[in-house]
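Colleague: Single-letter residue listing:
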Amino acid sequence: MLQKIYDWIDERIDLQPIWRDIADHEVPEHVNPAHHFSAFVYCFGGLTFFVVVIQILSGMFLTMYYVPDIENAWRSVYYLQTEVAHAQIVRGMHHWGASVVIVMLLLHTLRVFFQGAYKKPRELNWMVGVLLFFVMLGLGFTGYLLPWDNKAFFATQVGLEMAQQVPFIGEQLKILLAGDASIVGAQTLTRFFAIHVFFLPAALFALLAVHFILIRRQGISGPL
Amino acid sequence: MSEEKKQQVSRRQFLNYTLMGVGGFMAAGLLISPVRMAIDPVLKSGEGGGLANVGIAVDEITNEPTRIDWSVDQVDGWYESQVSRSAWVFKDENDEIVAFSPVCKHLGCVVSWEGSEKYPNEFFCPCHDGRYYKNGVNVPGTPPLTPLDEYEMEIKDGMLFLGDPKPHREA
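Residue numbers (my numbering), protein chains in the order written: chain A, 32 to 255; chain B, 1026 to 1196.
There are no misleading hints in this set.
A partial selection of chain B residues facing chain A, derived with a Cβ cut-off under 10 angstroms:
hint	residue
1	1060
2	1068
3	1103
These are computed hints drawn from the structure, not numbers from a lab.
Positions of the beta carbon are idealized from the N, C-alpha and C atoms, including for glycine.
Chain A with its partners taken away, still in its complex shape:
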């Protein structure tokens, strides 16, 4: 059945070159842990991406129950934690994944750094990677506020004070983030929600696409 569907589509639009482009590429011996066990360090980038996929999936499902409104945000989180089957696990995936993704990202960065894999001609991909790192930190920062509990509130308070320390534009930057000159409240929460689920993920997807296309174009860096 599946084969037939595949054949039907393949006959019309010639699928093979498409998945060949994606899946068919050489894995050099020095990055294959089956040849050299120490090559497992090359897995951290892929693992980062895997955790990102978990974050996207669990996050999508969490928005089915979450409301970004100061009256209901905490209550909706409490409701899904206590009343909805498996929701505790899904929020757990998102909560722990948020930390794991940063750890994986750091390990990946360290590998690239200590192997000197960022050197010419791969400087551009290093820069894209650094931007990805910032986007990830932004996702962590904005997501932290969403449960709207005390910890979230005061962490954001501190985070906004930090933004305020930026020279010259600090004050404006803080207001831009908080949505109000003095209150951390309703407008802050909706802003952080929008940034967390629309703006930063959009940036993340674009940067990831560039990151992956560049790897494919330039190939994996050679052995040490």
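We have chain A; now place chain B onto it with these hints.
Modeller: Relative to chain A, chain B alone:
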């Protein structure tokens, strides 16, 4: 020898099966909880609300359908509120109390007793001219296909208590 080999799983097949197996296992592990969480409302058994005092004494109910409004506590996930409900209440020819839901069985507009001057002694829905006889049964040839729902009811201390709307006894 070579015939025996044909029976064996080839290297390619083996790798295919293991990769699909491991991949499927990981995908399943990833998706089970989110999917279970998403379909939770479908699997939750809806507990019916209790009966509420609608604030009308049985003696006050006449043979003329009267609209009654009351409100019930509703728990909607994390949100608790009071929602208003209405019923058309009257005593039928056997002196039994009847409470019809005003929700039209066609597309859910609100029907009124003698809502149209053209059709006296009937419930009328203004949206598509749906009509019901006084006993709640839909007039054939008008849009609704089933009779009006009836509220669960109880009489306590001479007061009328209504619960959830249930299908008409003749439906």
